[in-house]
Amino acid sequence: MRHRLGTALVAAAALLAPATGRTSELDVSSNTQLNAYQQWRNGALNSTVPLYEFLSLSGREIAIPGGDLQLVVDAWGGVDLASPLPWWNGYQNSGNWSGDLNLAYVQGSWLGGDLKLKLGRMSVGYGNSRMLQLDGGSLSARIANLFTVDAYVGAPTIQRFMAYGNLYSANPTVGNLAAGGRIGFASGQLLNVGASAGFAWDSGTATREDLALDLKVSPLSWMYLMGYLDYSLFAESYFSSFGSQVAEGTASLVFPFTPHLQATVDYSYTVPSLLLPYNSILWVFSDSTRQYVGLSGRLGLEQFGLKVPVDFDLSYRRVFENAVDDGTTAGNRVSLGARWRAASAFTLGAEGAWLEVPSAETWTGANSSYGFGRAYGTLSGYGVTGTLDFQGYWFTQPVNGQWSSLVGNATLGYEVLSGLSVVGAVSGGATPYYSSYFSGLVKIVYNQSYRSREVY
Amino acid sequence: MKTRLVVAPLALALAACVSQGSKPQAQAPVPYQFPHSTHLEAGVACLQCHAAIPQSAKLRVDAVDVKLPEASEVCANCHNPLPAYTPVQRFEPAVHFDHAAHLPRLNNDCARCHQKHTEKGDLAKPVPPMKACTGCHVHAQDFAVGRCLPCHRDLRQYPLKPIAEYTHEANFLETHGQWARQSVATCATCHDQTMCSHCHTATTRPLPPDVEFPEKVTAGFIHRGDWISRHALEQQSDPASCLKCHGAGYCQSCHTFQGLQANGPTPHPAGWVSTHGPIARGNIVSCAACHNQGANLNCPTCHSATGGGVNPHPPNWKGTVAQQSSNPVCRACH
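Here the protein sequences come in this chain order: A and B. With our numbering, the residue at position 417 of the first sequence is 417, and numbering never jumps. With our numbering, the residue at position 69 of the second sequence is 69, and numbering never jumps.
Just chain B, with the same shape it has in the complex (with noise of 0.2 Å):
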């Protein structure tokens, strides 16, 4: 079960990424031939030469869109013979846009996204703003919602840095938790899972982020520097924030390996039976963090209501007969 649970995702991936011949993109650009400002300022209408985009449903990165005319009054105007002239620029195209959808809307004017256009020797492409689309489009609600995927195809290879609300700097790492419970599709939009797991897998990675990358010093890695020594210090600031990542069998496990165990060389301070009461009440997540055995744990044996043992419930407890009888976690003393 393990092993399948192992590979059938692994070699999905593989099967449906590797096999189907995926290849580097680098590829020198090839300059632009066309000269569209000419062609504009000649009054030729853009469906001359782009007969097909009304239908066209979806960008496309071969330039099917561009279909010359075999013979066209309009071209002879000019042009005897007509020049031998191939597309050949090709790009990813960025959005996911419908031209067949938004031309009828627009009476088919091109120039109200394209205002711009490619002339001869031109390596890249202008493509339209964005406040072209967000002069109809109202795009405060989807920025909200982090709803970009519809439109850009994807966010990862611009090296975009975030803006307003979604800005990373100063605290951001204290409070990007916040951010994310509402709208985690709105991290997803730049950020894989794959990112958020170098930190947020802390259950099955081997190593803390600042030993697997030491060379990212000015990244705000928690446990950065000597954490061992300082560890107990953090936890009693603030308890709750190591249990947001760790359950305290990952501190038994490395406090075991040290001879720190439940029923090891005590490394309590002397006189800690009459003491420790008020320090378990104040803290008792540090306790947890070696005796946190279940039902074995080592409190019952003083503490258990059948060996008439101490109350050890807070003074605002009240739990019930009842409940003794159907809690597991309650039948260990009662």
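One chain only, chain A, in its complex shape (with noise of 0.2 Å):
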């Protein structure tokens, strides 16, 4: 399988590849960073003193027969300079060394953008395909500027290369094999609606295999209704109630009035269990749903005409997780906020936020509910970028023996030349699993777009 992609990719690319186009623009981003910080591992600390190095090229425009060619190349590589065990977030065996793609791909577009071809390492974000990160193919096309099709094979991204259909895969979609798509039709702002379909199989086992139908619906200018329903093909051979059997279902109703008045309202059902791969036995045992209901906001003080650039951010939710043997159980998610950006030199902020868990027992005894604190600001000037930022955490009950976690991040950046960056940053703090942690860091950023101009 893996040969028989890799051979499609390069054939495919060929294929498409100019022979006298140009490439109109290329966006170069290179992040070259050193940390240092402790890791907490087989029962001691480490010291872990990684440097990466993540680089993205994205070229534009290029100019190919009855259409243009976009590359793109998203990489990172490590090296950690201390530890001889170093985590890397998702793969705990790859030594001192690791690196991976997150991104690599070709894509040609023709019949003035109508229609596309992907090929390579891509997320798909269409449809019921949950940002699905993929190694295959994805096709676009848009027919009469009224209906869309969009459609994509191959097999889930898995870390660092390992095997196809890992067990301990880190992809969500786990698996050998992927499809879905989605059929759509617009009509200008009024309606959008499309159905997609996602499968997935695991050396020809099921993984997932999901129908949804997704809505928005703009009557008025400043508002829209917005819905989304996914069913479980696999959930209704096994469980006999419509509600076990739908895995995600959202509506929102957004008020988008002005830049500094906006509000939403939202409703949204999962059952957890059925996000879990098919192939794993877990979710046999489950029959669990957690649904919300919650109003957000934002109000700044520019909406009254007041010369005052500090806006207001408001979010509430109440949960509810309903379980067989418990019952309906409710909690509760508020956060506020207020930013103060003075001008785009200046920003003060604060947060502040309540979580209470709707269940009462976890697996590790009694649950916590937390209350959270936040204070921040950026200032610039002179090509300098300084920035800090504090946060507090009180638990109701001890996590890790531990009733509060208090941590802060200070950066300072220099812009040595356009686009070319310095920055420094130091973090610590004392947190339920590290009485006390310093941390710091060095990178040089470089960010830069090139064109190469075409002549006729």
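These aren't lab readings, by the way, just hints derived from the structure by calculation. On a predicted model such as this, the values are computed, not experimentally measured, just so you know. Heads up, a few of these hints could be off.
Said to hold, decoys possible - With a straight-line cut-off of 16 Å between C-alpha atoms, the simulated EDC-like cross-links for lysine to aspartate or glutamate are:
no. : chain 1 : residue 1 : chain 2 : residue 2
1   : B       : Lys318    : A       : Asp68
2   : B       : Lys58     : B       : Glu119
3   : B       : Lys244    : B       : Glu234
4   : A       : Lys116    : A       : Asp68
5   : B       : Lys58     : A       : Asp68
6   : B       : Lys244    : B       : Asp192
7   : A       : Lys116    : B       : Glu234
8   : B       : Lys116    : B       : Glu41
Hints given; two lone chains; assemble the complex.
Dropping the structure here:
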């Protein structure tokens, strides 16, 4: 499978590569970053000093017959300078060196962008694909400016080039084959509706079989109604009630009145076990749902004509857990934030939040709620940008024997040249899992766009 | 195979982009020389100078559409001798535009779109406003489906702030997925996937974005701060949200690293054997964070149907004997 996929990628890229075309624009982003911190593993604290290189290349509007081509590569490599066994975020046995491809695709575009074909490693975001990271192909077509057809097929990406379908995949879609797509219809800004499908298999065993509907209706320019329903065909064979077969459902009423006055009312329904791959035995044990109703919004003082650039954000959710043994229990999540953007060079903000988990018990015993407070700010001038960020958490039940967590972070950056910056950061604090910790990083960031003018 | 998969796209990108001699666009603007208003007031027709425009199907960075006539009675009416003039200004066209197709439909009335013109000493070229396009083209439909690129070359180079339904204010972080699933092409109008990948390639990325970009304190990174201490509470509140980005293997990888593994020292409270059922049925995703070893997980030790174990299925379970034989998951116990 992997061999075929690689061959197809290279062959397609060769066919699409321009013979005489020129890259109209090339975006380059490089981040060379050295971190230093202590990491708890295998029962001891270990010094960890990883050096990373993050590199992104995006070349656009490369002329090909009848259309244009885009090439995108987003990759990283790292080496730990101090520790023999660092944890590279999702894979524990890669040794001192590691690296991966986040994106690596080539996209051809024809008919003024109405037909696009993408091959390689990509993220698929349309329909019920759940932003699937995929090694394969994706086709998008727009017909008569009213209909859209999107389809993908490939293997769900797995970390560090492990074999596809590995049980320890960090990809939420598990398997060695995935396929799906969406057909959509849009009529002006009034209506956008679509039906999508998402399937995945691991060596022939289904790990996902979902159909979904999505809807957006905007009868007024300042109001949008959005809905989404994802139905598990697989669960239909194992659960008798409709609610247990709906993996996800959301409905939102959005009011984007102005940039300084917005509101959203939303509802969400999920069956968390149906987001596990179906070849996991665990989902056969579960029968619980999560629901929430929420209200969020932004109110800025500039809305009232005041020349005070302060915005307030409020979000509230009433969360319900419905489980077969405990019935319905409820929790709350509320957050409030304020941000003063005095100018592009100065921002000051504060946030507070409260999370009350719906269920009383968990696998460690009593559940905790927590309160959260944060203050942050940025100041820029003469090419220098500094930031400060302080956060505190207070728990109603001890977490690892501790009742609170305090962390702070400071950064200082200097733009050496246009697009070239040096940034330093230090952070420290006392948390339930680190009685005290200190970390630092230094990075060199380079962002630049290059253009090659076409000559006719 | 792995090496080729890595090298091929990189090599293609470099070969296609670098070898073509791309270079930074950093040139001082050259003032315009031609006084348009003087000539328009004198009644000089646009096509007297822009003679090639009726045949021009593309906007060009070089000004070959301006071709002054070798000898023209119109020019000679005022100029004797004709002044030397070479069009010097270049600009990157912001849109794709076919003059050859448009001019016949407008009866060669250039002023329908070009309402302002460059004058001597100007450094910038006034381009026709977008309403010149939308006067004929129904833009609402294109806007609704994010169909910008057929006309606009690229919106990335403009410091545009999204408006109306695409505004990124307030709780956009939480709702943006709903917008994207209907029209991901709209997102691509301004954003490359390289931008999305900072958060949405959790499978392969080595750092969460708040560690990679600690200086972006105003960004809405959801794992900011002491995530480790609160991640179990966040998971308990909304288990499905974790599974949108992270497979259970991701959780197990870190938990194993910390010595939290299925066959290791138990973190569970006393009496767990008798109390775990309701908790597992309520939030099985938290179990998967350590116990997701396929058929090798330790649940069937007690729950196996062949070993006389306790039936763990919920009340509305309707699995059949036929499924038990056909589904490998069922065969772990049956």
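Okay, the hints, checked on the actual structure:
no. : hint                   : verdict
1   : B:Lys318 with A:Asp68  : 53 Å, violated
2   : B:Lys58 with B:Glu119  : 24 Å, violated
3   : B:Lys244 with B:Glu234 : 14 Å, holds
4   : A:Lys116 with A:Asp68  : 10 Å, holds
5   : B:Lys58 with A:Asp68   : 15 Å, holds
6   : B:Lys244 with B:Asp192 : 21 Å, violated
7   : A:Lys116 with B:Glu234 : 38 Å, violated
8   : B:Lys116 with B:Glu41  : 13 Å, holds
Of the numbered hints listed earlier, those contradicted by the structure are 1, 2, 6 and 7.
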